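Number of protein chains: 2
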Amino acid sequence: MIGRLNHVAIAVRDIEAATALYRDTLGADVSEQVAQHAHGVTTVFITLPNTKIELLEPLGEGSPIAKFLDRNPDGGIHHICYEVADIRAARDQLKAKGARVLGDGEPKIGAHGKPVLFLHPKDFTGTLVELEEA
Amino acid sequence: MIGRLNHVAIAVRDIEAATALYRDTLGADVSEQVAQHAHGVTTVFITLPNTKIELLEPLGEGSPIAKFLDRNPDGGIHHICYEVADIRAARDQLKAKGARVLGDGEPKIGAHGKPVLFLHPKDFTGTLVELEEA
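Residue numbers (my numbering), protein chains in the order written: chain F, 898 to 1031; chain V, 898 to 1031.
It is possible that some hints are incorrect.
The list makes no distinction among identical chains, and a pair is therefore deemed to hold if it is satisfied within one copy or across any two copies.
Unchecked claim - In silico BS3-like links for lysine-lysine, alpha-carbon gap of 25 Å or less:
1) K1019 x K994
2) K1019 x K964
3) K964 x K994
4) K994 x K949
5) K949 x K1011
6) K1011 x K992
7) K949 x K964
8) K1005 x K994
9) K992 x K1019
Calculated directly from the structure, the hints in this document are not laboratory data. Note that the structure is predicted; figures quoted are calculated from it, not measured.
Hey, can you work out the whole structure from these sequences and the hints?
This is the structure we're talking about:
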């Protein structure tokens, strides 16, 4: 069912500093910052030859990554995103196997403009898994 | 400097259960288990179309992932591995920019039989970064 690794998301306190680190120290291609008000994060994408790293900085009140940064003050890997061909079919298969989908179970339009769902970390070896319809 | 994302490593308590989850619930290609006594872990690779997920279970006394699992009882993403063309040149560049290399700074032969180094999470947004000579 799962296809490509779409991205690995890293939550950071200071996206400017983290972008400079990836660009200047690690020598990677970095995007401009995008303020994603609907998602409560500012994003920068690091383009690697085979996948992407997504840097996330909290934006506004009640950002979904604020608690994660309280628990991980230096930042850290927040989630991993796998591509699926049909997100509703994937959801139904996963639910049939007992996996929990976060929220109301309906795909939302994610930060890349595509339907996404998040799966419960307790059901996936402590890892927050995002599925994105590719 | 950094090239492809070689793998994302997930530490787990029960590699048998985690392998079944990736194979049966997520429908991915999984390898056999390999006991890596020199590294204190048992590994399973999940092959995705563009990269790999490495499942790690502690093996023997003093496994390098034992403390991580004490802090993260459900398991979790342990490190991320980027490929570099020349690991000593990469190390020297990183050190010149003030980044700390773990251990004695000399590349070791990693779980894939290639030279690897680990970078200090405090210098990389709370993320343990492995570099592997591709």
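field: Broken hints, by number
entry: Violated hint: only 3; rest satisfied.
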